[in-house]
Structure formats: structure tokens, C-alpha cells
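From just these sequences and the hints, can you work out the full model?
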Amino acid sequence: MKTVLCIEDDRFIGEMYVRSLEKAGFTVDWMIDGDDGLVAAKNKQYDFILVDLMLPNRKGTEILQALRGEQNLVQKSKVIILTNYQQSAYDRVETEKLADGYYIKTDLTPRKLVEILNKMS
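Position one of the sequence shown corresponds to residue 3 (this note's numbering), numbered consecutively onward.
Careful, some of the hints might be misleading.
Unchecked claim - In silico EDC-like links for lysine to aspartate or glutamate, alpha-carbon gap of 16 angstroms or less:
| no. | residue 1 | residue 2 |
| --- | --- | --- |
| 1 | Lys44 | Asp31 |
| 2 | Lys44 | Glu72 |
| 3 | Lys99 | Glu64 |
Bear in mind the hints are in silico, worked out from the structure with no lab data behind them.
Written out as C-alpha cells, the structure is:
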């Protein structure tokens, strides 16, 4: 069974992702705070880590840098950015260099998210 850490502060979106992923057979942990999400990602091995960019206490880019920067703490996990935040072209390119995927949430149905994760497995 594949494991997912979802770091998403929007409760409606988070619940939707959790329900859809669990229905598709994934085991999901959900954190709504950037600090809690980073702690969870460091303390447990996940197949996928879904990271929103705009989070309380720690931005998604900071989480991504901590996980995939110089130390590369999550070599076996696929880190996927899910956001509605419009980054500058430069910032988006820099973010995409560290992530395994970058998706705009308004373009991503729960079914499409499941398809993406299954293809990456």
C-alpha cells in the first residue's frame, strides 16, 4: 500500500484529497501546518509528499528546500507541489527543479491526482 503525506491547510481541499486517495487504496497522513508537515516528512518514509506552497508557519518552498536541498532528506519520496499561488517564472522554475511534479490545484481533480500518483508509482 502506497503512503502519502498531504501538507494542505485548506480543509475542504485536504479532506477531498484524503478521501479520494484513501478510496484509491493509499494510506494518507494529513498536516495543515508547514512546521508539522516538515516534521512528519522527516520522521516517516512516504511514497509521496504533496505540498501546498502557501501554508501557515512555513511555506511550501521552505519545506521543499529542507527536504530536497543540500541534505536531500527524502530521496525515496516523490515530492509534488500542489498550488493555486502564482509564482514568478523564475521561482516556479527553481521550485520545479527540486520537485517531482508541479500542479495547479484548480486544474487538478481528485481523480487526476490519483492517476498522477499511480503513474509515478
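Hints, verified against the model:
1. Restraint check for Lys44 and Asp31: satisfied, since their Cα atoms lie roughly 13 angstroms apart, inside the 16 angstroms limit.
2. About 14 angstroms separates the Cα atoms of Lys44 and Glu72, which keeps this hinted pair within 16 angstroms; it holds.
3. Distance check on the hinted pair: Lys99 and Glu64 sit about 14 angstroms apart at the alpha-carbon level, within 16 angstroms; holds.
In terms of the numbered hints stated before, the structure departs from none.
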